[in-house]
Each structure stands twice: as C-alpha cells, then as structure tokens.
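Put together the whole structure using the sequences plus the hints.
Number of protein chains: 2
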Amino acid sequence: MKISGQIIDVVGRKMFPGTVTVENGKITDIVEEPNNSTNIIMPGMVDAHIHIESSMLVPSEFARMAVVHGSVGAVCDPHEIANVLGINGIRFMIDNGKSVPFKFYFGAPSCVPATTFETSGAVIDHNDIETLMAMDDIHFLGEMMNYPSVIFNDEEVHLKLEAARRHDKPIDGHAPGVTGDDAKKYVGAGISTDHECFTLEEALEKVKLGMKILIREGSAAKNFDALVPLFKTCPDKVMFCSDDRHPDDLIKCHINDSVRRAISLGYDKFDVIRAATVAPVEHYKMKIGLLQKNDPADFIVIDNFKNFNVLQTYINGELVAENGESKLAHIATTPINNFNAEPVTAADFYVEENGKKVNVIEIIPGQLVTNKVVVDRHDPDVLKIAVINRYQKSKPAVGYVKNFGLKRGALASSIAHDSHNIVVVGCSDEEMAAAVNQIVTCKGGITAYSKEICVTMPMPVAGLMNNGDGYMVAEAYKDVDKFAKNLGTTLNAPFMTMGFMALLVIPSLKLSDKGLFDGDKFQFENLMAE
Amino acid sequence: MKISGQIIDVVGRKMFPGTVTVENGKITDIVEEPNNSTNIIMPGMVDAHIHIESSMLVPSEFARMAVVHGSVGAVCDPHEIANVLGINGIRFMIDNGKSVPFKFYFGAPSCVPATTFETSGAVIDHNDIETLMAMDDIHFLGEMMNYPSVIFNDEEVHLKLEAARRHDKPIDGHAPGVTGDDAKKYVGAGISTDHECFTLEEALEKVKLGMKILIREGSAAKNFDALVPLFKTCPDKVMFCSDDRHPDDLIKCHINDSVRRAISLGYDKFDVIRAATVAPVEHYKMKIGLLQKNDPADFIVIDNFKNFNVLQTYINGELVAENGESKLAHIATTPINNFNAEPVTAADFYVEENGKKVNVIEIIPGQLVTNKVVVDRHDPDVLKIAVINRYQKSKPAVGYVKNFGLKRGALASSIAHDSHNIVVVGCSDEEMAAAVNQIVTCKGGITAYSKEICVTMPMPVAGLMNNGDGYMVAEAYKDVDKFAKNLGTTLNAPFMTMGFMALLVIPSLKLSDKGLFDGDKFQFENLMAE
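Read top to bottom, the protein sequences are chains A and B.
Okay, so the first sequence: first residue is 183 according to our numbering, each after it adds one.
Okay, so the second sequence: first residue is 183 according to our numbering, each after it adds one.
There's no promise every hint is true.
Repeated chains share a single entry, so a pair holds when one copy, or any two copies, can fit it.
Stated by the list, open to error - In silico EDC-like pairs for lysine to aspartate or glutamate, Cα to Cα no more than 16 Å straight-line:
1) Lys-625 to Glu-612
2) Lys-589 to Asp-651
3) Lys-390 to Asp-363
4) Lys-351 to Asp-702
5) Lys-539 to Glu-712
6) Lys-589 to Asp-363
7) Lys-589 to Asp-561
8) Lys-196 to Glu-383
9) Lys-475 to Asp-336
10) Lys-390 to Asp-418
11) Lys-184 to Glu-205
12) Lys-419 to Asp-450
Quick caveat, the hints were computed from the structure, so don't treat them as lab data.
Below you can see the structure in the form of structure tokens.
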C-alpha cells in the first residue's frame, strides 16, 4: 500500500510532499516526491494518561471509538477496576484490550484502596505490585496519589515505588499543589510525570525538578487553557491526556482536539504533535510507530491543521477508521464483576429525629472539594445521601447533602470513587431504596429514578462499564443524564458529582460506606452536629 | 354563583340564552334571559364503560385528567385489578375514587378469572358477586364476557346473573359477533348493553333485541366510524365509551372528542349530547346532574360545537377544570399489590433444541387474534415469548412469537390480560431475564430493556397502575414506548400487543403461565410441532 500527501516527520521536525509505503504492517519506505494531495500524513496520537473505566466502556469498545479521532494508543491506569476486582480486574482490561489493534499500555494502580476508611473490593499491596511489575503487560506504576506517604516515608508505599524502579518502569505522579521540598522529595522517589497541575507556575516548578507535565483536558478536569503555554518554555516536557473521558465526550473528540487547539493558538506544530506522539511513546517505551522507516504503520491522514479532520487512521497498517466511521467491529464481552449487595428498603435510610442539627456535605458546583456545614436537616435544599457497601450485604451509611438540587426522585450509581460502592441521593427514603435496588438488580449502573419513570444504564462489567455498543452507551448516558436533570438537579454532571461524594481524600466532608468522613481532620465525623 | 351563556336543555331538547344559578353544589335556578356570552353551558359528560386500570392511573388521578375534557363521571368495571386482588382490589378502586369529586360508578367484574388455564390472583365466584351486588358502592354487574356459558346454561354464570337481577342492578354485555338465537338468549338473561359491536348490522340487531349500544372509541378498539350512524336510526339507544384509555391518549381527549365528531358529522346535537349524558345517567341510575333545576351542579362550559373546547368543568358546583388545567390536586396513594415473583435467570428461558419445528404465535398487526403457524425457531423474525406467574415463585412458560419485530433487547410487562402475570418478549435469554427482573424489582410495570439502557415505568399499584402524577405517567408511557420502538419493533403499541398475547379467550394461539394454549380447540398445545 502506498499513500501520498504532505508527510510530517515529527522526529526530524519537517513536513514534505511524499509517499509512504506500507507492507506487512510496517512502513517500508518514505519517499520525498511531489504529489497533488493536500492531505497531511502524521503519526497516530496517544492519550498519555486515562482511566478507560471513565468511558463506561470496555477497552475494546473504547478503542473502536477513539480510532475515529486519530488515536492509536493510550497509557491506561486501571485504578477503578482494581479497586473492585484487584489483579483479576487488571488482567481483564489487558486481555480485553488485546482483542483490538489499538495499542493499550496498562500500568499497575499504586493506591488500592485509596483509604482504610471505606470498604473496597480489593487491596493491592507491595507484593501485588511486585507481581504486576514483573509482568510484560504492565508498563508503569500508576499515579501515586498518596503523596503524603511518599513524603513522610511510609514503608509500604516506598516498597511499591522500589518495585517499579527495580523493574525500570516509569512511575506516574499525582500531586496537586505539592511544591518546594515536598515536591523535591516526591520527584526524588522516581516519580516522573504529573497530570494534576492546574496552574502554570506549579507545572513550571515541577518541570524544573525533572518532571514531565501532562496537559489534561477531560470530562471532569480541564487544564488545557492554563497549561498550554508550557509549549513556549519547555515543549519537550509536555504530553496530552484526558484522564477521564465520558462516553458522550468520547463521541465528540479525543486528543485530536487538544492538538488542533494548540496549533491554532500558534504554537509550533512539531512541538504540539510531538507531545501527542513522540513524548508518550518514548517515555512509556510504547511500540507505536512514529512515521519513520521500519516503524509499525501507526499513522493518520488529516485534511489540514485548521480543521484537523481525521480522514483515516491506520494501526499496524490496518485501516481502523475512515471519515468518522470506525472500521473496528463491536466485540461481545463477558462481564466480570464483584457485586454482592442485596435489595434495601426505605426503612434502611431512616435517621432518628432528635432535634439536633446535622453535619451536611455542601456541594460546590463544578468542584470536587466540599464544604462542611451545620444546618437543619429540613432545610429545603438538604437531601439525604447514602453509600452502601456493594461487596457484601450491608446497611446504608446515611448523610445529608446540600446544593444537589433534586426536586423529586433519586439518583444512584455504582461509580463512587474510589471503592465504587453504591451512592444514592434522593428526595425520599422510598425513592432512594428504589433507585438503589435498580443498581442491585443490574449489578451496577447509573439510574435516575422517579415514581413515574426509571431510566438505568446497566454496568455489569465491574459495576463500572457497560459491555454494549459504545455509541449506544453514549446515547444511554445522555438519556440517563437528561432524566436526572428532569428531576430538578441543576448540577452540570450530577452522576459525576455524586460519584465524588465518596472520595474521602478530597476535603472537607465526604461519606463512605462506613460513615461521614472529615477530610480535613482525616477521621470519621458524627452525623449529628454538637 | 351565576353563569350565563347559551344553555343546553338536553331533556327538553332546546338551547336558549340564559343564566344558571348554583348554590351549595346544586342548580337552584335556570332563567331564560338574553346575555352577551356565546359560550355554551351543557351537562358534564360520562364515559359509559371504562377499565380505569387501562389509564395506568389510580382513579383519583384519572379523574384529575378527565375533568379537563369535560367528563364528570364514569361507569367503571374494575376487571383488571379484580383479577389481581379480588374484592380487596375493587374496594381499593372505590375508596380511591371517593377522594375526588369525580363521580365514579363501579361495578362487579363478572368473569374473574377469565379461564382456568392460567393463574390469576383471585377468583370471584357467585357468592362474591352476591356480596358485591349487596354493596351500595357497586352499581352493576360488569361485562359478561363468558357468553358461551350464558348460552349453554352454565350454573355458576347464571347464579351471578341472578344475583344482579335480584338486586335490580344492570348487567353489562360483551358478545362480539353473537347473533340470532344466541343473542336472544344472551339478552334474555337480562344483559342490557354491548360495547363490542364492530359492525352497524350487529349493533342494529342487538338494539332490536332491546340492548343499548355503547359506541367505543378507545386506545385499543375504535368503533366510532362504524357505529355513529346509529344516531340516524335509534339515537335513544346509544351511549359513548372508551373501554380502554392509555395515559398518553387521556392527555389528548376523552368522551368530548366523540361528541364533537358526531355533531360535526351533522347528527342532531341533542341526540349526541344525550348519549354522553342522559343515557348513561339514567341507565346506571347515576347521581349526576343533567343541568336541570335542583340537579347537582355537574356541568361544563364550552366555546362552540365546532371546536368543542371545554372552558370549565363543574362537579357539584365546584370548578374542577378550567381552560385545559385541572383544578384537582394530585393525591398521594399508598399502593396495594399482589406480587410475589422472584428474580429469574437466563437459564430459566432455555428450550431444549431437538430439531423439531415449533408452534409459533403469529401476530397480526393491529389485531388481538393471532395465527398459529409451524416454523423453524431460527427464522429471523421468530422471538421467544414467556409468561411468568407473578403470584408465586415459578418457572417461565416459554413460547415463540412471530412478527413482533424486536431487533435487540427485550420488553416486559405486568399488564397481561386477564390474569396479569408477567409477559416478556426478547432477542436473547439474558435480555429476557434482565427485563423480567426489572418488573420483579418494581413489583410491576412496563420495561424496555437493552444492554445499554433500560427504561421502566413502575406500576406498584397491583402491578397495573402507577401512583404518580398522571401527566408525568403519560410522558413516562410515551418514553418507554419510544425506547421500545428504538429496539426495532414496528408494532404500533408493542406493550398492548404483548399484553394480549396472554389473553387465552381470543384465538388462535396464546401463552399463559401454564403453557401454550390453542384458543380454537380451547386446550393446551405442545411447543414442539408434530
């Protein structure tokens, strides 16, 4: 096969008219020669950090949709499924990813569970990390979120880091706002990337310490605008990532959009394309071609830099997407799960009325941090929230939440970071029970429940992913979201917000299956205010 | 209160300008006097035969929506809930109906269960009918569908008829296509109405025998066009009814639409209005006013006969609807139910493959009758159908159905005439099980299930009705229907069609919770064809 056009040599930093010859999945020749095509041929793009689970799709289906946008590979931290299913979950992701030509590079999640104040489905200790690091299919140690333990010399954490270093595999970072000596110590442990910077200053300090910075533009966090000026000062330290990408967003675009935007802002196109190709491929030692002779034929054809329409995507010489349509077929996937919750009743959500005011989680729209406020539970915008252990039959842990905005019905989900127990917010105990029982019946999912109609997207794969058609999953997610908003919540992404209400490591007040948790004091808190 | 306009005296067959005086819920004076209003004041309308359950709403909520269309009362056969809950179900309907001013007139269902070849939730025998007939709140014996037993002198059936006659309460008929001597014998038993005529000839013969004919225009059966010429020959023998009215249709109109259409066709307006007012009020001895001095103030105000917009509806002098808005508040209703089915698994739907062809239910779109055909189960348009006893834990009875058209997913419902077990049609055993489990979780409802999204309208009231807001129920029904059609079925009303697949009394092949049933031979049939 021969393809002509304007060829991008991102290694040699030049663009020239020419013809690429592909044989047996490899690029066997690249000849500079005049041709009439204005199409641009460039290496396929890589997402340098993503939790595939956030797409609510299994890897094979994620790939089917991502190739349409010119993506050929991704660096994936299976942190979510690992919290549910441990090493078996990681193996599931790896095996499923192998069913498609897309180049998945999985790592070992470093922080499972996130805390000891909640019930997770699995624990990944340093012995497990040793096992994982020894596997050829594990390419890095996943984001080390537990930066206090790195800084304060927690032995278990350091044994995990040591295992990665011993196997010469990169260690990803996650240290928002960590600077100065703490940052030095963190980097000194061999942690070489960060995707959590939200200011340019923080990013520049980390670059100085030797880190590479991932410009994140995902469904949850968007740091592109803040960090894109890095291309001015340290373009060789930059990669692109999405971190979290919901299915409805994955339909629209992927890394291609960050590349297009950065080029349109006037940054050097070779620098920008490098960040989406060479940088992650070299850092994670990915066997992904860079449009060089003898490379695997992983490349894309686009119309021009302004529109950046992906006309064709090739992986190992195979045409996997063309003009917005995936050439990859949907593959049937048998679910893997760890879900043992049993049906609940309205009475399970009862809280004795004793006249006292309660400690309430106040949502700050658009943010993961919450306020801790003391109010009357009968305040009209205070709703009940509950988290229910999904790993064994248990009673709900009940709290109160403000600013959720639901006027009737209940929302429930089995995506509740990081242990992924069941989280529910509702206007009555009856509706909360009914919503939770939807999740129990489907063994995972998201549901918008009202007395009149109940709309559920089942997630039988670990209670985190749907094993259906990705395009239909995207529609389903939009539908459930629409019905949720019909119930009155004005939150932009109510299921995402709800899913973070159980993430204890982010202050100030959260709820785990074991009870209300003060993230500032890092200890449990009473429901009743003193 | 005084209201002026053009007053319809349907008893005196005249229209005149005048003023109606209402005091303490009664009409205390009607004075003929000139006034400037072109509005027409006429008696409120009555649905002469309806199963309220078909609206999927409890009576109080049905009333809330019907008054908007100028309805003030209805003759109701609680046949559906009686099959589920017996006399307790009937009492529930009566009590619930009393919570609103709308004038419900309930009867005693005569044929519960419909056959002995299925499991119903209750049996209403002649002793129960005796009990019911003695109740002041029971005004008639419901449609006697078992016309063969009337004609062939079945003792139990005749004891029921005798009880109604003894209490001097009307007996409703249901005898489609019964003519000649059979019809004479049927009428001779004291059965005085029929709402099942689908030809004018049949109606005229029954009128000659002394019956009154109800012109039915409902969600399921539409006989208006065929029967409206009765106003030419025997206008005093005619009433209007809907029989079944789905919530999405109830939003649009009620008896008002039949009245408007009949008048617009040129039939005498006094005859037409009489059929919607005087005729049922007199036949069923309803305490509903007819816009006469000293009558209860049950009347409506419309703009003109052409548009027939209902501007106001009054019941006992209370303004219950105005300009399309109901003045009745939604009333909370505690569900009553009889639902003991337990979750099923895909394996429960397994049918051993033995190479034989199978007896298949062939749907005839738009009709309740089916064909019995022998085909290969792997025919691309042959799907599995199952009926599952909802009254105790049981294995599904599995059959095959043709022409349902579903391409993926499954539909399930707990509305399955007349015993209202769970009926499901699906493209795979897994999807059928998941759909049924939705119904089990909600203890009744309708669901459109696909791998990616599941949309359910719960029906916790007897598994037949939703106790929420009627307008939202109408939207919910439309939503579930829309999602069902997204799964590929081209049937106009897939849930209604599915619900009639368990109605054994209508040939040729149907399915009960006990197995495949040949309605021509009136006996069970093997799944495997000989």
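Please work out whether the CA atoms of Lys-184 and Glu-205 approach to 16 Å or closer within one copy, between two copies, in both situations, or in neither?
within (9 Å within a copy, 93 Å between copies)
Using 16 Å as the alpha carbon limit, work out where Lys-589 and Asp-363 are close: within a copy, between copies, both or neither.
Neither: 48 Å inside a chain and 62 Å across chains, both beyond 16 Å.
How do Lys-351 and Asp-702 come out at 16 Å by Cα distance, when the copy is not named: within, between, both, or neither?
Neither. Shortest intra-copy (34 Å) and inter-copy (75 Å) distances fail the 16 Å Cα cut-off.
Within, between, both or neither: Lys-390, Asp-363 at alpha-carbon 16 Å
The answer is within: 13 Å in one copy meets 16 Å, while 103 Å across copies does not.
I want to check one pair: Lys-589 and Asp-561. Are their C-alpha atoms no more than 16 Å apart within a copy, between two copies, both, or neither?
So Lys-589 and Asp-561 pass the 16 Å test inside one copy only (13 Å; across, 48 Å).
How would you label the pair Lys-625, Glu-612 (within, between, both, or neither) given a Cα cut-off of 16 Å?
Between copies only: 14 Å across chains, 20 Å inside a chain, cut-off 16 Å.
Up to 16 Å CA-CA - Asp-450 versus Lys-419, copy category
So Lys-419 and Asp-450 pass the 16 Å test inside one copy only (14 Å; across, 88 Å).
Within, between, both or neither: how does the pair Lys-475, Asp-336 come out at a Cα-Cα threshold of 16 Å?
Neither, since 47 Å and 92 Å both go past 16 Å.
Alpha-carbon proximity between Lys-539 and Glu-712, which holds within one copy, between copies, both or neither at 16 Å
within (8 Å within a copy, 73 Å between copies)
Within, between, both or neither: how does the pair Lys-390, Asp-418 come out at a Cα-Cα threshold of 16 Å?
within (12 Å within a copy, 97 Å between copies)
Between copies, within a copy, both or neither: which fits Lys-589 and Asp-651 at Cα up to 16 Å?
Result: close only across copies, 14 Å inter versus 32 Å intra.
16 Å Cα threshold - placement of Glu-383 relative to Lys-196
Answer is neither: 31 Å inside a copy and 89 Å across each miss the 16 Å cutoff.
Of the numbered hints listed earlier, those contradicted by the structure are 4, 6, 8 and 9.
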